[in-house]
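Student: One letter stands for each residue in the lines below.
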Amino acid sequence: VSVVEHSPLEERITLIELVDRVLNAGVVVNGDITLSVAGVDLVYVSLRLLLASAGTLDRLHPERAETA
Amino acid sequence: VIGAATETAWYVYGVAEAGPALDPAAPTELVVDGRLAAIVGRVPLAEFGEERLPEMLENREWLEQKARLHEDVLQAAAAAAPVVPLRFGAIYRDREDVRRLLASRRSELEGALERIRGRVELGVKAWVDRDALSCTLGGGAAPGEARAGSGRAYLQMRRDEQRLTGEVSARCAELAEEAHRRLCAVAVEGVANRLQPRELTGRSETMLLNGAYLVDGDGAALRKEVERLGSEHAALGVEYELTGPWPPHNFVEVDET
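Residue numbers (the numbering used here), protein chains in the order written: chain A, 20 to 87; chain B, 4 to 260.
Hint data in this document are derived by calculation from the structure and do not stem from the laboratory. Ideal Cβ positions, reconstructed from N, Cα and C, are used throughout, including at glycine. Please note that a few of the clues may not be correct.
[Claimed, not checked] Quick partial rundown of chain B residues pointing at chain A, CB under 8 Å, derived from the structure: (1) M59; (2) D100; (3) V123; (4) G126; (5) S137; (6) A195; (7) N196.
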């Protein structure tokens, strides 16, 4: 099978789909409470976590871990 | 006192076209201003407050759960009316502030609602097994298979390997470009998002294309094109994955004019 179809309503939406939609797309507004990571892609927040749990990011990309 | 444990704020999920069909399920509510209806929900400042939020964002489980809720709320609303998705984390102190948001960005939000009316977003990801592609391009020999008999043979083998790696990368770029071009041709609009690294996808294959496409109706033409690409590229070890329909997250960017 070379094409796999997923309907978001039928199954659990994966984090990788949420990253491209909820976290990194959509209209940006200036709320009263602003995310302190403003200006930094939220994906790096979650990515950093994933990588940090593997213990690799800070070692490989200390500068990114710093700014994320 | 701001920051007290029981205090709440309003989280805005998206802005829909106001109308009788729009009937958000509790715990979400609407803040209506003219034709625009913000879909909002109360959130505790203990999680979404200025001091707490950065910490919460570091909690992957929490982030994933809230992002999923955000998506669920938008999908429910999108079934009833056109909805402009907001990006994660739009938080206001009270409903009057949300109303001011609607008023101050009215023309832009109404324009976005018009553009997405009767349309949905479909996601297309393509994945490639680079080893399989390498085998195909290299005529079946796995890299490094030949025995290095001498120094010269070894150097030649390394050069062949590097050339093959370069060919695989070039072919991957070509395939991604072709797929995106063909999918854009059957969509209203298309965007190729940043490729996600393996650490995030958790898959052994490499992501080749991370596309999102705005389509009319249910996007039958695009679905057909994805199937065609899938069967054409199957022999190269490329697999296509179609997701959606989604609310049009990737197509509500506003011009900076």
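Student: Work down the list of hints and note, for each, if the structure agrees.
Tutor: A quick look at each hint next to the structure:
Given the 8 Å rule on beta carbons, the hint for M59 of chain B is violated: about 10 Å separates it from the nearest Cβ of chain A. The closest approach between the C-beta of D100 of chain B and any C-beta of chain A is roughly 6 Å, which is under the 8 Å cut-off, so the hint is satisfied. Restraint check, V123 of chain B versus chain A: the minimum CB separation of about 11 Å is more than 8 Å; hint violated. The criterion of a C-beta within 8 Å of any C-beta in chain A is met by G126 of chain B, whose closest approach is roughly 6 Å, and the hint holds.
The restraint placing S137 of chain B at the interface with chain A is violated, with a minimum CB-CB distance near 18 Å, outside the 8 Å limit. For A195 of chain B, the interface hint is violated, since its Cβ never comes within 8 Å of a Cβ in chain A; the closest pair sits about 11 Å apart. Contact between N196 of chain B and chain A, as hinted, is supported at the beta carbon level, the nearest pair being about 5 Å apart and thus within 8 Å.
In this structure, the earlier hints numbered 1, 3, 5 and 6 are contradicted, and the remaining ones agree with it.
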